[in-house]
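If you read the protein sequences in the order shown, they are chains S and D.
Using our numbering, read the first sequence as starting at 4 and increasing by one per residue.
Using our numbering, read the second sequence as starting at 4 and increasing by one per residue.
No wet-lab data here; the hints were simulated from the structure.
There's no promise every hint is true.
It does not matter which identical chain is used: a pair holds within one copy or between any two.
Each computed DSS-like pair below joins lysine-lysine, with the alpha-carbon atoms no more than 30 Å apart [unchecked claim]:
| id | residue 1 | residue 2 |
| --- | --- | --- |
| 1 | Lys106 | Lys272 |
| 2 | Lys272 | Lys144 |
| 3 | Lys83 | Lys182 |
| 4 | Lys236 | Lys146 |
| 5 | Lys83 | Lys287 |
| 6 | Lys144 | Lys287 |
| 7 | Lys262 | Lys106 |
| 8 | Lys146 | Lys170 |
Protein chains: 2
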Amino acid sequence: MIIDKLYSTIEAKGHVCLGLDTDITYIPKWFLEKYPEIDEALFQFNKAIIDETLDAVACYKVQIAYYEAYGLKGLNAYHKTLRYIKEVGALSIADIKRGDISKTAEMYAKGHFEGDFECDFVTLNPYMGLDSIEPYLDYVKNKEKGMFVLVRTSNPGAQDLEYVELKDDRRVYDLIGEKIQNLGLNYMGECGYSSIGGVVGCTNVNEGALMREELNKMFFLIPGYGAQGGAAKDVAVYLKNGNGGVVNSSRGILLAYKKVEGGELNFAKYAREAAIIMRDDILKAIEK
Amino acid sequence: MIIDKLYSTIEAKGHVCLGLDTDITYIPKWFLEKYPEIDEALFQFNKAIIDETLDAVACYKVQIAYYEAYGLKGLNAYHKTLRYIKEVGALSIADIKRGDISKTAEMYAKGHFEGDFECDFVTLNPYMGLDSIEPYLDYVKNKEKGMFVLVRTSNPGAQDLEYVELKDDRRVYDLIGEKIQNLGLNYMGECGYSSIGGVVGCTNVNEGALMREELNKMFFLIPGYGAQGGAAKDVAVYLKNGNGGVVNSSRGILLAYKKVEGGELNFAKYAREAAIIMRDDILKAIEK
């Protein structure tokens with residue numbers, strides 16, 4: 004099961020999921036002059052970051068929206084980035100948040116678990132129900148693939164639906180969390196977690212402790228560290244016995260070079276430093 | 004407002020939204036031999052269908068999953084298909100069902116309302132809340148773009164969340180429908196509908212009549228005709244005074260040629276016939 008690979012990588016390298024949400028404006032001017040083609044600039048920037056951070060992060064999350072924004076060239080950079088992550092033996096999470104049913108979902112599964120855009124994990128959106136998840140399950144069972152399904156996010160709009168109260172007093176995210184965890188029981192790894200994980204945003208300590216307890220078989224993809232405001236102590240609540248989740252940071256790492264005078268010349272080095280600080284920050288918070 | 008353009012096109016050409024969910028297996032063998040490159044085969048098949056149906060359908064819905072499934076080449080066919088629909092002056096709905104927030108949603112908006120993948124309408128997923136819709140609104144207001152947000156679908160899995168009862172006795176889809184319609188009030192066209200529409204699957208007559216009444220400012224994208232089992236009389240319930248929605252059919256039209264001995268030689272002609280039958284079928288049902 005792919006989840007065992009992610010679990011053991013975290014044991015060895017810590018909890019950082021480096022988000023390659025690479026906007027063209029994040030790339031230093033000198034680098035854009037060196038790589039005038041946008042697909043090459045995006046890929047080479049990612050490659051430089053990956054080369055510097057391989058031993059310091061657990062996995063890479065590639066946010067496809069940042070590549071779709073640049074059309075076919077952007078998606079060529081997306082393809083090359085995922086292929087490179089695979090070449091260097093790292094784990095990839097394709098943050099695609101797709102959500103559709105039957106034949107359409109089969110096509111998404113084929114598109115992101117095979118071919119040009121092959122990744123290890125995808126993120127999915129559960130709005131249409133469990134039959135929008137099922138077409139991916141054969142890959143989980145037989146092809147060493149996994150997924151993180153949106154459960155509860157930390158954006159203000161989460162109040163519009165995710166936090167809405169149901170007749171049985173639970174909230175929408177409780178219902179989705181339970182359904183996804185139950186589905187995941189058929190795809191458990193030896194590490195005690197399922198290859199069907201959940202996206203759980205970092206909010207307050209009470210909610211975090213409760214979710215960690217109720218969804219104790221679910222591996223968490225936790226966005227919202229750093230740039231989005233989450234701190235290590237908040238994140239630690241979602242990590243059971245020091246594992247059970249990866250913590251994503253994108254801009255906080257990709258743009259670390261901007262905090263240093265002349266940092267753009269060594270942007271990858273500063274990304275590495277930021278990733279290591281984040282990794283150790285989380286490890287310290289867990290030990291407490 | 005783009006919705007006025009769609010409304011008047013329906014007045015002139017009927018309610019058919021032709022779904023270009025083009026799987027490679029739908030394309031006749033002789034055509035694949037004529038166009039051995041997959042991107043050319045997918046695009047030329049779509050082009051042949053578009054050329055034959057332009058005067059018989061209101062718009063074309065391109066399901067991006069079918070193109071993502073074939074990677075970069077598939078997306079090149081997707082790009083060429085959308086560009087061709089624009090060239091011939093027809094309206095396109097990009098069925099992408101994206102759902103993400105802030106900067107990420109801005110990138111999706113840029114990716115699908117500009118550049119290689121520019122379309123007239125996108126479909127969106129509301130799970131993460133209204134801030135996953137807002138980044139698209141500037142395009143609606145200033146760039147003649149529109150959207151259809153998932154409200155209620157007709158797949159079995161719709162019971163998992165969309166139909167779940169809330170504390171106030173409404174269902175999730177009622178809540179989402181109301182929120183999306185309220186948001187849409189700021190983007191009303193002269194036709195009496197908003198450029199922010201909803202995806203509403205075709206279910207039973209009672210539900211349909213109630214939704215049409217409650218969401219009377221919302222333009223509907225109605226999937227589920229034909230192949231997915233919906234009939235004209237069921238669809239008519241969702242069309243207020245004969246307009247207010249487009250009805251999607253994909254396989255029922257694309258694969259019409261398979262019902263005819265030797266039909267593959269004139270697949271586009273049989274697609275045209277199927278589209279016209281569907282159009283007239285719906286118009287008759289409305290008159291009743």
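Checked hints:
| no. | hint | result |
| --- | --- | --- |
| 1 | Lys106 with Lys272 | between (44 Å within a copy, 25 Å between copies) |
| 2 | Lys272 with Lys144 | neither (38 Å within a copy, 43 Å between copies) |
| 3 | Lys83 with Lys182 | neither (35 Å within a copy, 40 Å between copies) |
| 4 | Lys236 with Lys146 | neither (36 Å within a copy, 44 Å between copies) |
| 5 | Lys83 with Lys287 | neither (35 Å within a copy, 52 Å between copies) |
| 6 | Lys144 with Lys287 | neither (35 Å within a copy, 48 Å between copies) |
| 7 | Lys262 with Lys106 | between (47 Å within a copy, 21 Å between copies) |
| 8 | Lys146 with Lys170 | neither (39 Å within a copy, 41 Å between copies) |
Checked against the numbered hints listed earlier, the structure breaks hints 2, 3, 4, 5, 6, 8; every other hint is satisfied.
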